[in-house]
Every structure is written in structure tokens, then in C-alpha cells.
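Make the full structure from the sequences, and use the hints.
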Amino acid sequence: MQNITRIYALSKRNVILRYKNSLVGFLWGFFKPLLYLLILIIVFSRMSGIDNFVLYATSGLIFWFYFANVTNQSIASIIASAGIIKSLNVPVAFFPLSEILSELFNFMLTIFVFLVAMNWFGIVYSPKLFLILPVALLFSFFTLGITLVLCALNVFFRDVGILWTTVQPALFYLTPIAYPENLIPTHYAFVVKFNPVYHFIKLARTILHDNAYPSSALWLHCIIIATLSFAVGYFVFNKLKNQFISSI
Amino acid sequence: MSNDTLISFDNVSISFWQNNMGVHSIKDLITNRKNPFVNKTILKNISFEVKRGECMGILGRNGSGKSTLLRTIAGLIKPQVGKMTINGTFAPILAIGAGLELELSGYENMHLLLSLYGKARKNTNAIQSIIDFSELSDEVLRMPAKRYSSGMLARLAFSISVANDADILIIDEVLAVGDQGFQTKCMEKIYQVKAEGKTILFVSHFPDDVMRLCDTAILLENGTISYRGPSKLVCEQYNNLF
Chain A
162 MQNITRIYAL
172 SKRNVILRYK
182 NSLVGFLWGF
192 FKPLLYLLIL
202 IIVFSRMSGI
212 DNFVLYATSG
222 LIFWFYFANV
232 TNQSIASIIA
242 SAGIIKSLNV
252 PVAFFPLSEI
262 LSELFNFMLT
272 IFVFLVAMNW
282 FGIVYSPKLF
292 LILPVALLFS
302 FFTLGITLVL
312 CALNVFFRDV
322 GILWTTVQPA
332 LFYLTPIAYP
342 ENLIPTHYAF
352 VVKFNPVYHF
362 IKLARTILHD
372 NAYPSSALWL
382 HCIIIATLSF
392 AVGYFVFNKL
402 KNQFISSI
Chain B
363 MSNDTLISFD
373 NVSISFWQNN
383 MGVHSIKDLI
393 TNRKNPFVNK
403 TILKNISFEV
413 KRGECMGILG
423 RNGSGKSTLL
433 RTIAGLIKPQ
443 VGKMTINGTF
453 APILAIGAGL
463 ELELSGYENM
473 HLLLSLYGKA
483 RKNTNAIQSI
493 IDFSELSDEV
503 LRMPAKRYSS
513 GMLARLAFSI
523 SVANDADILI
533 IDEVLAVGDQ
543 GFQTKCMEKI
553 YQVKAEGKTI
563 LFVSHFPDDV
573 MRLCDTAILL
583 ENGTISYRGP
593 SKLVCEQYNN
603 LF
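If you're matching them up, the sequences are chains A and B in order.
The first sequence maps to residues 162 to 409 in the working numbering.
The second sequence maps to residues 363 to 604 in the working numbering.
Derived by calculation from the structure, the hints in this document are not laboratory data.
Careful, some of the hints might be misleading.
[Unchecked claim] Which residues of chain B face chain A? A partial, calculated answer using Cβ under 8 Å:
#, residue
1, L438
2, E465
3, V524
4, A528
Bear in mind that the values here come from a model prediction, so they are computed numbers and not experimental data.
Heads up, the beta-carbon is just placed ideally off N, CA and C, and yes, glycines get one too.
Laid out in C-alpha cells, this is it:
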């Protein structure tokens with residue numbers, strides 16, 4: 162119970178700090194993907210050959226932005242909280258965890274707004290849409306794993322953070338979010354298959370865009386990736402956390 | 363260990379990875395081809411005990427390991443060697459400038475630190491006591507802490523520290539920047555806390571304060587305890603250092 166209060170207090174601090182001196186505040190959570198969508202529509206919608214491009218791209222985009230926001234905001238979370246870490250006995254994992262929770266709240270709001278707005282872009286309302294919740298949960302575990310590795314390494318090598326901002330756009334374009342999968346030449350298909358984000362985006366899109374039940378093989382893939390990512394993140398973070406205080 | 367021993371250190375050593383080759387990037391790591399991290403010992407074979415109600419002073423030059431020792435006692439650093447036993451709760455260590463979030467207002471800082479400390483969120487008593495003790499006006503407390511003077515920061519920090527009725531109060535040179543009035547008030551508060559039978563760990567560079575307030579003291583030199591005993595004797599040894 163006490164720990165819930167502490168994580169809540171940290172999440173609240175994150176939100177206050179993030180939107181300090183910003184005019185529209187948390188609405189940026191909606192504007193950012195919207196602006197991106199606009200760019201994607203202008204650049205890709207004709208060449209992609211997808212009938213319902215808006216629904217196709219948006220269902221991938223909201224998941225991508227959740228992933229990108231969490232990793233970007235958590236990567237410096239340990240360093241930024243040096244003052245608190247050096248003066249209070251709070252488990253260090255709470256800092257990335259509070260970032261992911263405040264983003265998860267934002268993400269849930271975004272999904273709700275998305276479901277309402279996509280009414281005009283031909284989304285089919287059916288009980289299948291509830292499957293998006295377990296997808297969000299799996300994706301969160303995957304994201305948390307990546308985040309824990311990134312923010313732990315970033316304590317010792319600050320260029321992890323810089324590298325990540327560079328690698329991220331590449332990962333975005335290697336994920337079929339704005340273009341259909343069949344656009345990828347077959348001998349490069351393995352690159353996409355090795356991209357972990359791709360599987361989650363595909364899972365979400367099957368439900369939101371295709372209005373179909375994802376295959377059990379796809380579910381299994383995602384469960385394995387999420388578990389692996391979380392396990393690696395947990396291991397790396399625990400291995401390094403006692404040394405954080407000397408490097409911040 | 364008897365029941366009224368609150369803190370006991372038995373041959374505790376603390377070491378950190380220290381980046382002593384100037385490796386700050388992956389490029390350096392690849393071109394150097396050596397382990398960039400060296401295990402550096404900060405505290406060596408520290409043994410002491412603090413009893414309930416005791417007030418212990420910690421003296422030492424800059425860089426002798428005082429802050430590391432305090433952080434170890436508070437559980438922020440886990441010792442790799444030796445045995446450490448703590449029977450009590452801590453008030454946050456708020457050294458000047460550390461712990462407070464400078465972008466947040468005074469009020470927001472209070473709420474954050476009280477919650478992180480584990481106090482209920484709507485703890486109006488604690489909030490009121492912080493406001494009263496710090497003597498900061500409502501207008502000031504609404505301002506972001508980055509606009510505070512160092513004296514105002516010290517007021518806020520110290521007030522939050524003492525508002526947590528913890529078993530062990532750790533004071534790390536917070537008193538150096540407050541004005542005369544606040545310093546006196548702080549010392550009075552510390553004596554009051556001491557009179558209540560609580561345990562105090564007091565770090566200071568003023569042997570006079572340590573001698574007056576503390577029963578016992580330790581002197582740290584290069585990460586080891588060079589003297590330990592009644593505060594008067596330890597303070598004399600401290601004065602001999604310079």
C-alpha cells in the first residue's frame with residue numbers, strides 16, 4: 162500500500178514536471194500522434210495502396226508512440242532523480258516504473274479517444290476490441306523490459322540515451338506502421354521479423370484494423386517476446402542498481 | 363546486540379565502481395579495451411554502535427566518507443562486506459540542495475517527499491508543521507524551489523526532515539546556510555528531538571556544536587574510523603587535524 166502511494170506520488174511529479182510551462186499540457190499526448198498521422202497521410206497514403214489508411218496507420222501509431230514516449234522519458238529517469246535517490250530510501254525501480262505508469266494512463270486515454278474517433282474511419286465495433294487490453298498489457302511488459310535495460314545502462318554510459326534517439330526513427334521505419342508488410346522485399350523480410358515491435362503492432366492491427374482474431378501463433382510470439390524482454394530487463398537492472406548511486 | 367542498540371556496524375566496507383580511465387562513452391570503451399571500472403573502497407572496516415537516545419557526531423575532512431557513511435546507515439547503499447543492523451525508521455537526509463525537486467513548488471515538494479517517505483498523502487498535520495517551522499510565507503511556498511535562496515532551501519529541507527517523526531534523525535550540515543534566527547531555531551529543535559529520546563546522527567564541521575550536542579562521536583579519516591569515543595575527546599582530535 163505504501164509503495165503504491167510512493168509510485169503514485171512519483172507519477173504525479175512526472176506529469177507536473179513534463180507539462181510545466183506548456184500551454185496545452187497533457188493534450189500533447191494526442192497532438193503528437195495526430196501531427197505524425199498527418200505527415201504519414203501526406204507521404205504514404207497514396208503509395209501504400211491501403212484502402213483504409215487512416216485506421217491502418219493510427220492503430221500502429223498509438224502503440225508506437227506509447228513505446229517511444231515511455232523509453233524516451235524513462236531513459237534519464239534515474240539520473241534526473243539523483244537528488245531523491247541520494248537522500249531517501251526509495252527502491253530505484255520505482256523511477257522507471259512511475260514513468261511507464263503515467264504513460265500507461267495516457268495510453269489508455271488515447272485508446273479510448275481513438276476508438277471513438279475511428280467511428281468516422283470505418284472501425285467495426287465488436288466485443289473483439291476488448292482484446293486490445295491484453296495486448297496493451299503484454300506490450301507494457303515488453304516496453305518495461307527494454308526501458309529497464311536502457312535506463313540502467315544510461316547511468317554508466319550517457320551515450321546510450323543519445324544512441325537511442327538515433328536508433329528510434331530507424332526502428333520506426335523498419336516497422337510496417339505506415340506501409341503494408343508486402344512492400345518489404347522478401348529477402349529483407351527477416352529484418353522485420355527480428356524487430357520485436359513489429360509483432361505487437363501486427364497483433365494490435367489485426368484486432369483494430371482487420372477486425373479479426375489474431376492467430377494463436379502470433380499471441381504466442383508476443384507472449385514470449387514480452388516475457389523475455391521483461392526477464393532480461395529485470396536481470397540487468399537488478400545486477401546494476403546497487404552501483405547507480407556512485408555514478409549519479 | 364542488546365535491545366536498545368539501534369544501529370550496529372560490524373566491519374562494514376563500501377566500495378564503488380569508479381570510472382578512472384575517463385571512459386564516458388562507448389567509443390572510449392572500445393578503443394581502450396580494458397575494464398574501465400575500478401573498484402574503489404570508500405569506507406574500510408567500519409565498526410560502531412549507536413544506542414537508542416544516543417546522539418552521535420560524525421566529524422572528518424571533506425571527502426573522508428561522511429556522506430557515504432550516512433547513506434549507508436539510511437539504507438541507500440548496501441554494504442558488500444560486513445554486517446549492518448538497523449532497528450528504526452529514518453527521516454530523509456536532506457543535505458543542502460539534494461532531495462528537493464527544484465522545478466516543483468514548496469508545497470509540491472512537501473507532498474512528494476512526505477509520500478515518498480511513506481506518510482499518508484493527505485497528512486495535513488505534517489504539512490502544517492512544516493509550514494510553521496520553516497516560517498516561509500504562502501507566496502514563497504507556491505513558487506518553484508529554483509527561485510529560493512539557499513537559506514530558504516535549507517529552511518524547507520530541514521522542516522521536512524523534522525516533520526517525519528522518525529526514530530533516527532540524520533542531520534548533514536544543513537545548518538550552515540540558514541540565518542542566525544533559523545540556526546538557533548534548528549538547534550533548539552534538535553535539542554527538543556534529543557529530549558524526546560530520539561537518536562540523532564549529526565554531521566558538522568563545527569566541533570563546538572558537536573561537543574555541545576553529542577554524547578559520542580567518530581572521526582573519519584580516509585574512509586576509516588580513526589577515533590571513536592566521547593565527543594569531547596574526538597573533537598580535540600579533529601582540531602588536531604588542522
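Results for each hint:
1. L438: Since the shortest Cβ distance to chain A is 6 Å, the answer is holds.
2. E465: For E465(B), the interface hint holds, since the closest Cβ of chain A sits about 6 Å away, which is under 8 Å.
3. V524: violated (14 Å)
4. A528: violated (11 Å)
When held up to the earlier numbered hints, the structure conflicts with 3, 4 and fits the remainder.
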